[in-house]
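Trainee: Sequence:
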Amino acid sequence: MTGVTQIDLQESVEEQETLLRQQDNAMLFGDQLEDIWRTLPEVLSDAAKYESQGITYIRSDESQYFQTYKDLYNDALIILDGLYRRGLKLGDKAILQIGRNQDFIPALWACFLGGIIPAPLSIAPNYDIQNAAVKKLENVWQILEKPIILTDCELISKIEKLTTQSHLKELRVVSIDKLRSNQSLSNQLSAHELPHLTPLDPALLLFTSGSTGLPKGVMLHHRNLLSMSAGTVRMNNFTRQEVTLNWMPLDHVGAIVFLGIMAVDLACHQIHVPIELILRQPLKWLGLIQKYQATISWSPNFAFSL
Numbered sequence: 001m002t003g004v005t006q007i008d009l010q011e012s013v014e015e016q017e018t019l020l021r022q023q024d025n026a027m028l029f030g031d032q033l034e035d036i037w038r039t040l041p042e043v044l045s046d047a048a049k050y051e052s053q054g055i056t057y058i059r060s061d062e063s064q065y066f067q068t069y070k071d072l073y074n075d076a077l078i079i080l081d082g083l084y085r086r087g088l089k090l091g092d093k094a095i096l097q098i099g100r101n102q103d104f105i106p107a108l109w110a111c112f113l114g115g116i117i118p119a120p121l122s123i124a125p126n127y128d129i130q131n132a133a134v135k136k137l138e139n140v141w142q143i144l145e146k147p148i149i150l151t152d153c154e155l156i157s158k159i160e161k162l163t164t165q166s167h168l169k170e171l172r173v174v175s176i177d178k179l180r181s182n183q184s185l186s187n188q189l190s191a192h193e194l195p196h197l198t199p200l201d202p203a204l205l206l207f208t209s210g211s212t213g214l215p216k217g218v219m220l221h222h223r224n225l226l227s228m229s230a231g232t233v234r235m236n237n238f239t240r241q242e243v244t245l246n247w248m249p250l251d252h253v254g255a256i257v258f259l260g261i262m263a264v265d266l267a268c269h270q271i272h273v274p275i276e277l278i279l280r281q282p283l284k285w286l287g288l289i290q291k292y293q294a295t296i297s298w299s300p301n302f303a304f305s306l
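According to UniProt numbering, the residues represented by the sequence shown are 1 to 306, in order.
Hints were generated in silico from the structure; no laboratory data involved. Honestly, I wouldn't trust all of these hints.
Beta-carbon label-pair distances, calculated as ranges [said to hold, decoys possible]:
| no. | residue 1 | residue 2 | range |
| --- | --- | --- | --- |
| 1 | 60 | 130 | 25 to 33 angstroms |
| 2 | 138 | 303 | 28 to 36 angstroms |
| 3 | 241 | 214 | 40 to 48 angstroms |
| 4 | 90 | 227 | 20 to 28 angstroms |
| 5 | 158 | 208 | 18 to 26 angstroms |
| 6 | 61 | 289 | 15 to 23 angstroms |
| 7 | 42 | 130 | 36 to 44 angstroms |
| 8 | 169 | 298 | 35 to 43 angstroms |
| 9 | 154 | 235 | 36 to 44 angstroms |
| 10 | 157 | 61 | 16 to 24 angstroms |
| 11 | 166 | 280 | 36 to 44 angstroms |
| 12 | 145 | 60 | 29 to 37 angstroms |
Derived DMTMM-like pairs (lysine to aspartate or glutamate); straight-line CA-CA distance at most 25 angstroms [claimed, not checked]:
| no. | residue 1 | residue 2 |
| --- | --- | --- |
| 13 | 89 | 201 |
| 14 | 284 | 251 |
| 15 | 70 | 193 |
| 16 | 178 | 154 |
| 17 | 158 | 61 |
| 18 | 135 | 251 |
| 19 | 49 | 193 |
Every value quoted in this text rests on a predicted model; they were computed, and no experiment measured them. In this text, a Cβ means the ideal position worked out from N, Cα and C, and glycines have one as well.
Kindly produce the complete structure, drawing on both the sequences and the hints.
Mentor: Okay, structure coming up:
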């Protein structure tokens, strides 16, 4: 497979410490981070023990839906079962082309639980005409050797139209609602055991924009993601009492790791808002921070000029 960079985490702790000593300008803060020896399924399993904590999904009409971490874990298992029924297995890849946060996050964690590697991509403004997002989807699909594409009920018919093009006729597209409904019909999960994962196993595949050529993928391991989370928590003294608020698309690393995975790692309340709601009313961001008493939020620089 071309176009994907593996981050090598095989070096020993001693080698890492030697490297740090050689870098005069580096800063070492605190002791060894504990989370780097865990995996993402372990993180979600731990968060599920806190029954009152979870995720608030705010929709475009400003209605909301709350999902506890326990419910997220069970939802992810149901979606994973649907993926297993379609033949996916440990190490397979899946492109996430999902606009609805309440579908994206459970699908992401379904992949994490099953050792399936998600590659989230930004959704296209229009699938009927060629544009940068559609071209990136086509390129990544080819680079990853034609994996399944996971989407939501609002986008599936639009993405399926791409199969009318001869070079995309092999696209396999399935909605998250369809994966959930298979379990509802059978009324039981398949007898699949979750794989045993290690911190050095691949977990997430993020791609560059591809604006200067083919998009390039960077494979992140469980240890990469949880090291970032643990380091951020340590530096800022974050606790379970935090409330995170995110309005950036979840294919963005800041949203998916900083305000997504880190919040699960903390088992704190997290809130996700559709980007279009804030772009229409930029001050809504501040209003939601006040309404939900959010203690952590973030945005790229462009938001401050809206």
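Trainee: Does the structure break any of the earlier hints, and which numbers would those be?
Mentor: none
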